[in-house]
Every structure is written in C-alpha cells, then in structure tokens.
Amino acid sequence: MRRDAFSDIHPAVSFALFAAVLVLTAFVLHPAVTGISLVSACIYTIVLKGRRALLFDLLAVLPFIIVVAALNPLFNHEGATPLFYLWNGNAVTKEAVVYGLVSACMFAALIMWFYCMNAVMTSDKVIFLFGRVLPALSLIFSMTLRFVPRLVSRIREVSAAQKSTSPPMKKGVVSGVRHGISVISVTVGWALESSVVMSDSMRSRGYGGRGRTAYALYRFTARDALLAALAAAFTAAFVWAAASKAVYFRSYPSVKCAPMSVGAVIGLAAFAGLCLMPALLNAWENVKWRILSSKL
Amino acid sequence: MANFKFEALTFTYPNGPAPALESVDLSVRDGEFLLVIGPSGGGKSTLLRHFKSVLAPHGERSGSVLMDGVPLSDVPEREQAAKIGFVFQHPDDQLVTDKVWHELAFGLESLGCGRERMRVRVAEMASYFGLEGVFHKDVAELSGGQKQLVNLASVMAMNPSVLVLDEPTSSLDPIAAFDFLTTVKKLNTELGLTVVLSEHRLEEAMPFADRVAVLEEGRLTAIGEPKAVAEELHKRGSGMALAMPSAARISCAIGCSPAALTVNEGRRMLRSMGLARKTLPETPAPAKGETVLRAKELFFRYEKDSPDVLRGLDIELRAGSVYGLVGGNGAGKSTLLKALSGSAVPYRGRVEISGRRMKGRFSAFEERVGLLPQDPRTVFYPVSVGENVKKAAAGRGAGEEEIERIVSLMGIGSLSERDPFDISGGEQQRTAIAMILLTKPRILLMDEPTKGMDAGVKRAFGLKLRELASEGLSVMLVTHDTEFCAEYADTAALMFDGSISAENTAREFFCGNTFYTTAANRIARDIYPNAILTEEVTALAKRG
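As given, the protein sequences belong to chains A and B, one line each in that order. Positions 1 to 296 (my numbering) are the ones given, in order, by the first sequence. Positions 1001 to 1544 (my numbering) are the ones given, in order, by the second sequence.
You can trust all of the hints, since none of them are fake.
Result set (DSS-like, lysine-lysine): computed pairs, CA atoms no more than 30 Å apart in a straight line: (1) B:Lys1391 <-> B:Lys1440; (2) A:Lys125 <-> B:Lys1137; (3) A:Lys49 <-> B:Lys1304; (4) B:Lys1390 <-> A:Lys170; (5) B:Lys1391 <-> A:Lys171; (6) A:Lys49 <-> B:Lys1137; (7) B:Lys1391 <-> A:Lys170; (8) B:Lys1390 <-> A:Lys171; (9) A:Lys171 <-> B:Lys1359; (10) A:Lys171 <-> B:Lys1440; (11) A:Lys170 <-> B:Lys1440; (12) B:Lys1359 <-> A:Lys170; (13) A:Lys49 <-> A:Lys288; (14) B:Lys1288 <-> B:Lys1464; (15) B:Lys1304 <-> A:Lys171; (16) A:Lys288 <-> B:Lys1137; (17) B:Lys1359 <-> B:Lys1440.
For the record, the hints were derived by calculation from the structure and aren't laboratory data.
This is chain B alone, in the form it adopts within the complex (with noise of 0.2 Å):
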C-alpha cells in the first residue's frame, strides 16, 4: 500500500498570472479514501497531476511529493506505471485500443508481463468489474459508464496500490456514476486500496470519503472528515457551502451538528426534531406565452429495422419559459433534441415552429433554434475562446456590444485567450453556449448543460438562464440533474419509452416523483410534502 506526502507544494504553469498550487501541504494515508473538491479551476486537476511523474505538468516547481517517503522523482518510472492508477475524465479519449480485451491487457503488454500472469490479471478484472459480456467486444460498443469502467479496470489490472481519479464522472448519468463511484468506494474496502478521487457530484461522494480536502484557489482551505468540512465551509460562508449534499446543507443551515450526509441522515434528523407537518403555498402556474415549439406524434427511429426511438411524442414549448425534460438514459431524450433541432427526421409526425410546419433536415440556424449538443467540444475551433466566440457572432452579424454582453453574461471574459480545449468542462459549456446565443436564438435547446459545471457556476448559469428566459427566449433542457431543473424550470416532464409520461409545473412534478426529484424532497417529504429546494426546506424548518 501507499501513503503520500505532498509538503510545500507551489506549482505555476508557464506564463500563469498566478500560481495554480500554493504552498499545499498534504498527505494522504494508507487506504484511506481522500476527495478532492473545489470550484472549477481551483487547481484539482493540477494537484491529482502531482501524484504521478510522467503526468506532472510542465511549470515551475517547489516543495516536494514523497511517495511511502521517497521523492517521488526517485521512484522509477516503470514502478510508478504500476503501482499507481489514474483514471481521467474522458471516457473516451483514454481508451487506447479498439477492443475490451487489448484494453484490458494494455498496461501488462506495456510493462512486459508474462503471457500466463496476463491471461490471470486480465480475467480475473474482467470477472471482477463484471466485464466478461463484453470482453470481445469493441469499445465502440460500450455506454458511458461501461468505458469508464474498463478504464478503471484496465488500471486495475496492473495492480496498484493507489488509484487517483480526476472527475471521472463528469461525464456519465448519475445513476451510471453512482455505480462507477461504488465500485471505487469496493476496491477501496476491499482491497485497502488508497483512493484520491477529485468530483462535483458530492451528493453521491461525501459519503464514500474519510477525509475531504477543498482546494480553492490553488490552496488548500480545509481538510478533514467530510461532516466536520461541511459544517466549516457553512460557518465560513464558503462558495463551497452550495456544493455539498442537500442534507449537510440543511442540518448545517439549521444548525444540527454533527451535520448529516446522505438523505436517510437528514430524513432522521428532521423527525428528531419534531417539526409540524406544513405545505408550501400552491405556486401559480406560469403565465401561458405563445407556442413557439410544438412536437405532434413524432415517430423516429434510426434504422428500418431498429425499434422505435420516439414513439407517438407531444411536446411544446411557450415562449419565456424553461423547460427541464428528465428520464433515463436511452430514453430517447437526445434524439428528439435532434428532431426538434432539425438534425433527425421523423417518420411521422409534425414539427412545427411558431405554428409553421417543418419539412425534412430543415436549417436550426435559419428557425433560429440554438443546440447545445452533447458535448461542447463539437462546436469548437481550434483557436482561441475569443476568436470562437468571435466566429460565432460572424453568423448573424452579432456586433461588439452584443459580444460583450454575452461574454460578459456566461462570465467567460477571463478566457478569451485560452485554447478552448484546454479549459475545463463547466468553462467549455458556459463558452459553447455563448457561441450558441450569439446565433440569437428564440428557441434553445439543451443537452445535458450542467454537466461539468460546479456549484457556484451551475447558480450562475441557472439565474442567467432565468434572466434569458424573462427577455423572451424559450429553453428546453434535457437533463440528469434534477436539482437544477427543480430550481430552475417552469416546467418539467419525464421521459419514458419515447414519449412524455408526465408533464407539470416542476414542483407539482416533483412531489409527485418518488425516485425522480430532488435529495431535498426526499429528506424532508414526510413533512413538507411539497418543498423540493434546500433552501424551502431550511426556511420552512427555520420556523419551528
């Protein structure tokens, strides 16, 4: 096993305007579980970076990194390929070969391993990660999650003694993201194996971790156990306060100590107090605009012979409103984005915008309907954020002060230098958005927009979002986050077998869900049956 030592730590990237670590001291134990959390650009990804040499970026360097108290620039580079594991955030771009099983053996091929002990590692991970359906399998094949977790599994196999994880979520659906993070959180008990796992979904991971360390800035600002952080983040105002999970938010807010973590916690600590059952007043359905997107009976499927991915679906959108769709994956939810958007053709059925009817792959930039598409990168090119967003006002004849406003509106003035590329998820969503609404769209659609994104910066988006809706564009959001959708749409429906199963203003919407609403409505709807936000749920608690 290893533990690590990280003492004095400063770490400035060439041409930084400031240090991206600052004097971090930190170590991390044998076999503990340490997570790593902190806003977007607070310098995680460049800390987790530290824990292996040839990953280390280039930059000034202080201070020093031991490994089970060697310098870690001491340890030979083919122990250190071992010995320990690092998982990125991409699924797909650290996938080396085409197939399970050559991903699998990739890191025993590497180092030289014998043909009968790779044919034991590499079979006993595939049965272990639950892999043998898919072992001749292309990784093409393979959803989200399951290349995630033949990532981990392929660094598995070599046999680690720590496994350092960045973000390795960010980009699967939460119910897959659960799964990949319990599988950690096995290896981790199991095995004793070290575990330093960077993330934003800290509903899911605060409970896993024995210690938390928040990283702002490029410092360290608090370590500990995860209750004990979450009440000093609350107590110090912190940023990071709004990142932790509903129920610490509501036990620390209502000043309950120690804080609770997960939603059983905060169910009995709202029962140990003894509150009386209250409703939140009926909110009034939103004011009706006009039907600027409407879906009739859409029928889509991709093959002749596939099943049907939308079948019989109706769906509108009024104008200044948001509209939050959820459902689980392989719903059908990106696809009827693409048929609304102009990119997917149904078989029947209507699209009809502002009342018009739609024929065939029509033009979204000529209907005036923004795509935000699965993945931001798609939008970009490869120069810098400024000249990206410049390109795109180019398409409509945006002018400078339009420019202006809409950098300054998604808060990515700070970038325009940058290589799109190289920024991180939250910052490449806010930019490729902007791209999109200097297109000046009416209608905007959504695929998965807080993805990446951080607490504080998901606020953000979500008020702008709201900002933008009240000046008259209408948004349809297809997503995962429920929480958000909760805060921020008018409207909210659940997709299910290719059509909509049920549609309502977002709180009555989520009330009425048991397993497709907000941590806040679980923990407290025993007696605030119709409170689905944190902050509802601390006021109504607030007052006895």
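If we strip away everything but chain A, and leave its shape as in the complex, we get (with noise of 0.2 Å):
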C-alpha cells in the first residue's frame, strides 16, 4: 500500500466517514448520487493502490456492472415503458434498464468502498474502536489475530517433523486423513499446552481483575476535529436535500427524477465533497509536500 494521509486520521474519524458514504451509497439509488461514489471510490483506490487499481476496476469491477445491469431487465419486468419484447413475449423495460444501471452502479460502488475501508481500517485501528466500548472484546479480537497464523505456522512445522518420524504419505484418501489426523493431533496437543502458559502469563499480568481498560495508540487531534466537523456538515447538508426531495429519483412505476435546483446542487455538492474526503485529503498533502521541498 502507498503512504495514504487519510489512513493518518483518527480511527472514529475514518470510521465514521466510511459509513456515511456507505449508508447513503446504499440508501440514496440515485444515478448521479451512485456516479458520485463510483468514480470516489475509484479514485481513492487509485490513491491506495497505484495502477494495478485501475486495473482491478476495469477488469473486475467494469463486468460485473454490465453482467448485474444485463441481468435486472431480463428477469425484471416492471415499469411502464416497454422498450423491445423478448422472445418469451416479456418485455424489456426503460425502468427495469435504468433501476438495473443505478443499482449495479451502487454495488459495484459498495464493494469498492468496502475495499478502501479493509486497507485503511487496520486491525489496530479495529481493536481501538472496540476497545473504547468493550475491552474485553477488543482483546478476544487482538488474541484471535495472533492465535490463527500461528497454528498455521505451526503445522507446517509439524508436518516437516513428522517426515521423519513417520513414513511418507501414500496416494489416496484415507492416507491423507489419516495423515491430517495425525498432524492436527500433535498440533492440538501443543495449542492445549501454549494456551496454560499463556492463561499463566495472562493472569501474571492481572488479566480478569475489574475495570479493564484500553491503551490509545491514537489521538484525537484539532484536524481530526476539522474533519469530522466537515465530514458531518456535508453528511447533514446531503441528508436534508434528500429529506426535502430536492435529491429525488425513482425508477418504478415510471422513472423520475427531481429538476435540478439550488437545493440539488448543494446537497450533490456536499456528498462529492464527503465522498472525495480522502482523495482530497491527499492531494492537498501532497501539494503542501511538493511547497515544503521546493523551498529546501
């Protein structure tokens, strides 16, 4: 991954932008709503990822738009305006097309968002955000991500050990379980002895006492501040547009869609600025960058 200066931000900050974006991607079908946060999105996996994004969206994510958007209007048959009939006799319809684009437009924008959260929200950032509610959980998380690499590791380990202690493998089935069988056995056996040790090491340390608390590997800064503030104006600025209709599109029974207006505008305005927060965030990093070295 590249250096990402939105991934600097505050856990509860990122957080919370992410699920705005994706709450009102999924909630608001909208086609220039759903355009929004596609070509975002896109972008921010560029941001995130280089080229080989580019790639990954237009070799995966590009196919399964037209493959979900093919597939609405031929099983859907909804709406008012016929456009051609089937050879079944059932008709393709305008709304059936447009509801198909709009909504495979919006998962497609859904699973990329997805993807950016995956690479920004790391498991730390995970245990913090737990870890401020439920201690206790966080920490289930935290043991979780150790435990399961190691027992992989460690059965790899013990299978290279036991190519000497017992004879190989021969082909078939029944040789392979049993093989497995004995593999995981002499894991298990090790995972039960670790655990006392580890169960030793934990209440060594005071581990069941009352009042658990969580260390913070982050801090909640003034631009941390700023961001939420203006992640939260345009989230409440974009909500009232489409509370008032002024943001307004429906496919069934006929498609419609809200004239353009002063209110519109703002509220399309106020989500692009959500959606592009973090893009944004790095170009401005980058601008001030490329000022701070240029006076070296």
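From these two lone chains plus the hints, build me the complex, please.
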C-alpha cells in the first residue's frame, strides 16, 4: 500500500466517514449520487494501490456492472415504458434498464468502498475502536489475530517434523486423512499446552480483575476535529437535500428525477465533498509536500 | 522494593512420589540479584512459582512465604500482579496479543490504568528497552530475543518491585541470551529491582549474581556468593560443579581460591601462576568412513524474490562421525537441515545420500534420515511419553527390546507415565531424540540438541551420542553450544552467509577461532594454545 494521508487520521473519524458514505450510497438510489460514489471510490483505490487498482477496476468491477445491469431487465419486467419484447413475450422496460444500471453501479461502489475500508481500517484501528466500548472484546479480537497465523505455521512445522518420524504419505484419500489427523493431533497437544502458559502469563499480569481499560494508540487532534466537522456538515447537507426531495429519483412505475435546483446542487456537492474527502486529503498533502520540498 | 522470606516451605504435587520442595528456607533481600541453579527437575520452577499466588501450583503445601513480612496469600492479587513481575521460559507462549504495543499495554489495561498514565508507561518501556523500531509490528515478526525482551518490558511496564524469571533464555541463542541477561542486570543495578533468576547458562549469569542458591531434588543444598558456591560445589563433588563457568571449574580444580568466574579473571589467575607454555599432542584426524550424506553447491531461497539463504553450500558427512556446525543466527543453519532432510528443495545443487541423488521433497523416513526439529514439541502426540515412544517405534517396527534399549540410553524410563508437554525442556529434548532413534535412522540431524539441558544431562547426552556414532550412526548437529561441540564433535565447521566458511577437526577449528571457541580456550590460549576443554587446561596446569 502507498502512503495514504487519510489512513493517518483518527480511526473514529475515518470509520464514521466510511459508514456515512456506505449508508448513503446504499439507501439513496440516484444516478448522480451513485455515480459520484463510484467515481470517488475508484479515485481513492488508485490513491491507495496505484495503477494496479485501475486494472482491478477495469477488469473486475466494470464486467460486474455490465452483468448485473444486464440481468435486471431480463428477469424484471415491471415499469411503464417497454422498449422491446423478448422471445418469450416479456417486455424489456426502460425502468428496469435504468434501475439495473443504477443498482449495479451502487453495488460496485459499495464493494469498492469496502475494499478501501479494509485497507484503511487495520486491525489496530478496529481493536482501538472496540476497546473504547468493550475492552474484553477487543482483546479477544487481538488474540485471535495472533492465534490463527501461529496455528497455521505450527501445522507446517509439525508436518515437516513428521517427515522423519513417520512413513511418507501414500496416495489416496484414507492415507491423506490419516496423515492430516496425526498432524492435527500433535498440533492440538501443543496448542493446549501453550494455552496453559498463556493463561498463566495473563493472570500473572492481572487479567480477570475488574475495570479493564484499553490503550489508546491514536490521539484525537484538531485536524481530526476539523475533518469530523466537515464530514458531519456534508452529511447533514446531503441528508437535508434528500429528505426535502431536492435530490430525488425513482425508477418504478416510471422513471422520475427531481429537476435541478439550488437544493439539489448543494446536496450533490456536499455528497461529492464527503466521498472525495480521502482523495482530496491526499492531494492537499501532496501539494504541501511539493511546496515544502521546493523551499529546501 | 521488596524482600521475600520462605520458611520451611515444603510442597508436593498431587500424585507426586516425593516432595518437589522440601523445607526450603530462603530469604531474598531488597535489591538483590539471586540466581537459582540446579539440575532440571530439581524444583527450580516450582520454587519460582511460589513467588506469586496465582502461579503457585496445586498440591500439598506447608510452611510460609512472606513478602515484606506479610504472608503472600494476604497480599491482594491486584497488588501482586503489579508488584511481582514474572517472565516465563518460552518467549512465544507467554505473548498474548498480536502487536508489540498491545503486549506492552496488556498488564496496564488489566489493572484499569488511566489513558494518559498508560501512554507514559508504555512509551517509557518502549524507549528503555529499545523497542521503538518494532512498536507497531506484529509480535510474529520478532526474533526470539526480541520477543523475550517484549515480555520483559511488558512486565516492567507495571512497575514491579521484584522480577522473577524462570529460565528466560533457554530457547535463545547465546548472543540474544547475553543481551537479555545484561538487560536484567541493568534493571537490577539502575533501578534497584530485586531479581530472582533461574538459569542453565551459568557462564554468563554467574558473574551477574549477588548470591547463588543451589536447588537439588527439592532441597536448598547451598547458598552464598557465586565464588563461594562454586568452591563449595567443587569440594562436595556435586554434579552441579560441572555446570559452573569454565574459569571457576579450572580455578577450583587447580586449587586457586577465591575462584575465578569470568574469562578475564581466569586469564589473570593463570598468568599469575607463571605456568610454562605447552601444547597438546596433535589428535590424529578421525578415520574417514564412507560418505553417507553430501550436499553439492546448494542454493536455496524461500521465495522467488527473497535473498538466498544457502549459496553454493558444500558439506559432507561421513559414517560414524559427529559433525558440529556453529554460526550466528540467520546464517542458514536450520534451513540447511531442512534441505538435507527433504523438507526444503534447493533450486540449484544436489543432495546425495549414500551416493544416490535425491529428488524434490524426498521422504526423510524412507531415506533413514532422522531430524530433531528446533522445537521438540512438534513431534509429540498428546499422550504419555511411553505411548509416544511406542508410536514412534511402530513406524519401522522396532521391537520391545529395541525400545527398552533406547529408552534407557536416553534415560527417560522414569518419564513413561508423564505428559510430554509437562516435562522439562531437557527431558522433552531427550524424549524426542529417543523417538527419532526408534525410527532407526542412519543419519541423525539435530537442531540445537542441548538447548535447555543442564550440565549433567548434557554430558550424559554427549557420551551417548559418541556411543551411537561408534555404532555407525552419522550425526550432524547445528548448535550454538561451542563447549558441547568442542567436546563431542570430530569435525567442526562455521557456517556464514549461506555457506561453510571454515571446516576442520574440532580441535584445530576451535583453537584457531577467537570468538567461536570455548571459554576454556579463551582463558588458556596464551599458554596452552590448542587446549579447548576445561579438563585439558586443568590437567596441563596441574602438571605445572
């Protein structure tokens, strides 16, 4: 992953922003909104992963959109405006085509936002966020993250050690299963024993007492406050525009879109601001670095 | 700060045949560095666990443990959690969380420490222990030494007044072990922290200790200043005398008092005696048996884009010989063993067993190559030691007689009912070796076989190894233990940067090195340039 300015902000803010973008994208089905969300997500994946992301966007996301957009009108025949009729007499309607296209873009946008979120919200951040509310849960999460790779590497070690103590695995399912069982059984013995030591180590360091707290790896800075306020303002403006139907779109029974108005412009601009915030933050930081290094 | 007093402490494990601790009277003073030594299974861990109520084992107990004059059982658990720091043996098992920062904070989180205070404590620990560079890393990425340092730091974050360490360096290489012990000593001198440490590495640990307590078969058999204890053990002819640092063994054997502890003290002592310069007669090169295992220009790396771990390595193992391979961490020693036993496939070069070229991931079992892995626990099934041995014997149909012979050879007869995960590190090592020997290998590859063995066991093991070699087994051991290598290997080699950079008979090899050599050689090299064992130095010095 490349250096990403948005990943440096407080996890509560980045999490809230992702949550807002995801919820609004999922619930406000409007070509402009979906388009803005999809384009911003594409831009941000490129910021995060570079050119490879562009390839991913073109080779995976675009076909996905085409397939989903094509499927809807084939199976859904609601809507008032038939475009043409299929061999079995079912109508392909304008409404179904539009709805299919918009919802396909919406799903694609959600997938890409999740992809970004996955890259930005590292385990540390998730643990931190959980830790504020449920310290015990965040500990379990952290222990699981440690245990799983350990188990896998242990299985590998045991399997290597068995090569010299037991006959080679013969071909066939039975022999494979037998080999698997013996590796697992050795690994389980180790896991049980090491869990005893771990529990000693935990109790020895006061685990189980009341009032567990969580270490705060992140600080809430003035910049985080500013970004949070900005995100909140954008969200509020967009929600107001959507609630007052200044930004409004429906597919069925007939395609209908609210006309362009001051309210719609404000609402859509606010949503674009929200979605582009991660990318803009990076751009802003790039400009600053450019200026700083040109002064050197 | 804290002091401890054990009064007539006797403890028996449930179903234990004899008490694990028998009327132990021990006082630990404020700010003292107390080293607890003794053979494995002598009760060191049991004693150390009595320093903290939550760790005290279940069983029958009499006598008392006082902390600062108060019975330990009356000290609230919360207070004990913070005040008594405990570091265990296995660096990996005692880590709880996935990240270094989280591990450092774990104890403070448990105690419900406030946010700002926690931040300060964790920051302090990370910088004192030099962990800034790994602060955000996964613990899985750390080396063994770094892991143990994280364990120490995460205990120190709770600001304890006493630190109890149960063989903390037994799975570390000598350099990491020395760094770790030095850090512990620093805490002791700079913070006045009371330290109770149990150790097998006395060469390094003895000079650090204020007092040494010797625990044999559950009894405290000697306690006092290191030099006095060394002399007393020698006088008594105790088995523990073997475990003393080389300088102490030499000075006691030639009757110098006070005993020397460090290499430097030993050198000064010998110099002051005005001994004549002597060389030992050349040992004849061992008779060359047929080549059983040969590697030719091996190249290996783990991933396509990662650096080579083995680069053009040549090695040859002859029938009935013991080949010792030393070298720093990351020199590729363990990888070499993997390549020789068929679990790592070199991308160039060849491995030959008895002249036949091996292809791909060959079966070590079929080629009769036994491999003792770095962690012996990887070969144990969750059944008793006896059952494990039987299972291993079944692989090649070794009979009752053979089992009995190997079991008594490795001295694990008394363990047959025990859980292999519950015995000491040295005992685990021997059990694993017995299991591997029962698959009737012709070649035995061993990764750090003497790790966690005490001096007595190590000697017995070395002698058995020679016995097996004389029966025709070819042994290759990868080790950090130069003393063991000097004493029991015919040929020794140094592995560096993925290939063998020097190979010679063990004597020539060690007396030619400055760093990779035995302490005895470093002590006496000016007057006895080719003596490498303490016994040789002693014998020469006694003759005057």
